[in-house]
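Student: Take a look at the letters that make up each chain.
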Amino acid sequence: MSTPARKRLMRDFKRLQTDPPAGISGTPSESNIMSWHAVIFGPEGTPWEGGTFKLTIAFSEEYPNKAPVVKFVTKMFHPNVYNDGSICLDILQNQWSPIYDVGAILTSIQSLLCDPNPNSPANSEAAALYNENRRAYNKRVAAVVEDSWMEIGAGTGAG
Amino acid sequence: MVVETRSHGTSADVQRVRSPSIDVVDVSARPSASTASEGATSLSIDVKTWRAVGAWTWGAGDAGDVCGICRIAYDGCPPDAKFPGDDSPVVWGRCGHAFHLQCITKWLSGNAQDAPRCPICRGAWEFKELEGTGAG
Chain A
244 MSTPARKRLM RDFKRLQTDP PAGISGTPSE SNIMSWHAVI FGPEGTPWEG
294 GTFKLTIAFS EEYPNKAPVV KFVTKMFHPN VYNDGSICLD ILQNQWSPIY
344 DVGAILTSIQ SLLCDPNPNS PANSEAAALY NENRRAYNKR VAAVVEDSWM
394 EIGAGTGAG
Chain B
69 MVVETRSHGT SADVQRVRSP SIDVVDVSAR PSASTASEGA TSLSIDVKTW
119 RAVGAWTWGA GDAGDVCGIC RIAYDGCPPD AKFPGDDSPV VWGRCGHAFH
169 LQCITKWLSG NAQDAPRCPI CRGAWEFKEL EGTGAG
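Residue numbers (the working numbering), protein chains in the order written: chain A, 244 to 402; chain B, 69 to 204.
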């Protein structure tokens, strides 16, 4: 039961509780430490400010030698987030390192919000708007931020 | 004289011996004859037995620092090892970054796609040879 991956996740959780990074939160699900729920708060002073974005993180027994699968549950509008919530981020793919923990993953995704990488678009419409019409892009982001509040109310009890 | 030490056949880079605690077990005191002038008395002490205890620790980071991969203390026991200490050696890369041997080995073996890289600096990983370990 207590595999290396599970031990490491216990340590990640402890560290998140004792030394929580600003603007993120993460908890393992009650029944399975390999499956986490997380929330990223939109950074202040950005179009994402005020948003509460929910994610799921699925770890394998190979963690921390393999990256977990991270997905937004909240509907997003971002150049590097696919329609199904999957995230295109190098540190979750070929730039993964076993020194990352849950806190580092969530902090990286949080900084991706305001600092997208237009060279690897997962949402071509968002990428195009980001490059060509920032005002329209920010409006779409504001809509996503507003929608994220609705979900919090509707999603209670979903875990 | 009983001296108990635990030696580990590696270089000073690896081990940092704490100052031994000396426990004076048996002390006898007697007036010294040579200085017994004008009522002054001095004592001399004969140490009959003493015990020294040495301890060693991996010289990686500060006390309580953890391996970046498993997040367990360098002095502790990584997930794949049964005992701390000799069974859980700490190794260095040429870049100067240290991990439990078990942890870095697992990482390197799981990444066959390209050259082995240090998890911290992403530089090419090469084990640093420690002075005094000998080539054989």
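In case anyone wonders, no lab produced these hints; they're calculated from the structure. For glycine and all other residues, C-beta sits at the position ideal for the given N, C-alpha and C. Just so you know, not all the hints are guaranteed correct.
[Said to hold, decoys possible] Take a look, some chain B residues computed to stay more than 10 Å from chain A by CB distance:
#, residue
1, Thr117
2, Trp118
3, Ala131
4, Asp133
5, Ile140
6, Gly164
7, Trp175
8, Asn179
9, Pro187
10, Glu194
[Claimed, not checked] Taking lysine to aspartate or glutamate and the EDC-like style, the derived pairs with C-alpha atoms no more than 20 Å apart in a straight line are:
#, chain 1, residue 1, chain 2, residue 2
11, A, Lys257, B, Asp133
12, B, Lys196, B, Asp155
13, A, Lys318, A, Glu304
14, A, Lys250, B, Glu194
15, A, Lys309, B, Asp143
16, A, Lys314, A, Asp262
17, A, Lys309, B, Asp133
18, A, Lys250, B, Asp182
19, A, Lys314, B, Asp143
20, A, Lys309, B, Asp148
Student: Next, verify each hint and record whether it holds.
Tutor: Going down the list of hints, with the structure as the test:
Separation of Thr117 of chain B from chain A is adequate, the least Cβ-Cβ distance of about 45 Å exceeding the 10 Å criterion. Interface exclusion of Trp118 of chain B from chain A stands, the closest Cβ pair being 42 Å apart, more than 10 Å. Listed as a non-interface residue, Ala131 of chain B keeps its Cβ farther than 10 Å from every Cβ of chain A; the least gap is roughly 18 Å. The Cβ of Asp133 of chain B lies farther than 10 Å from every Cβ of chain A, with a closest approach of about 13 Å, so its non-interface assignment holds.
Non-interface call for Ile140 of chain B relative to chain A: violated, since the shortest CB-CB distance, roughly 8 Å, does not exceed 10 Å. A cut-off of 10 Å between C-beta atoms confirms that Gly164 of chain B is not in contact with chain A; the least separation is 15 Å. The claim that Trp175 of chain B lies off the interface is violated: its Cβ sits roughly 5 Å from the closest Cβ of chain A, which falls inside the 10 Å cut-off. Taking the minimum C-beta to C-beta distance to chain A, about 8 Å, the non-interface status of Asn179 of chain B is violated against the 10 Å cut.
For Pro187 of chain B, the non-interface assignment is contradicted: its Cβ lies about 4 Å from the closest Cβ of chain A, within the 10 Å cut-off. The beta carbon of Glu194 of chain B is kept farther than 10 Å from every beta carbon of chain A, the shortest such distance being approximately 17 Å. Note on Lys257 of chain A and Asp133 of chain B: the hinted pairing holds, with a Cα-Cα distance of about 16 Å set against a maximum of 20 Å. Pair hint Lys196 of chain B plus Asp155 of chain B holds up; C-alpha atoms about 19 Å apart against a cutoff of 20 Å.
Only pairs whose Cα atoms come within 20 Å are accepted, and Lys318 of chain A paired with Glu304 of chain A is rejected, the gap being roughly 28 Å. Simply put, Lys250 of chain A and Glu194 of chain B have alpha-carbon atoms about 28 Å apart, too far for the 20 Å limit, and the pair is violated. For a cut-off of 20 Å, the pair hint linking Lys309 of chain A to Asp143 of chain B is broken: about 25 Å separates their Cα positions. Restraint check for Lys314 of chain A and Asp262 of chain A: not satisfied, since their Cα atoms lie roughly 24 Å apart, outside the 20 Å limit.
Simply put, Lys309 of chain A and Asp133 of chain B have alpha-carbon atoms about 23 Å apart, too far for the 20 Å limit, and the pair is violated. Distance check on the hinted pair: Lys250 of chain A and Asp182 of chain B sit about 28 Å apart at the alpha-carbon level, beyond 20 Å; violated. Of the supplied pair hints, the one linking Lys314 of chain A and Asp143 of chain B is violated, its CA atoms being roughly 36 Å apart against a limit of 20 Å. Restraint check for Lys309 of chain A and Asp148 of chain B: the C-alpha separation of about 17 Å stays at or below 20 Å, so the hint holds.
Checked against the numbered hints listed earlier, the structure breaks hints 5, 7, 8, 9, 13, 14, 15, 16, 17, 18 and 19; every other hint is satisfied.
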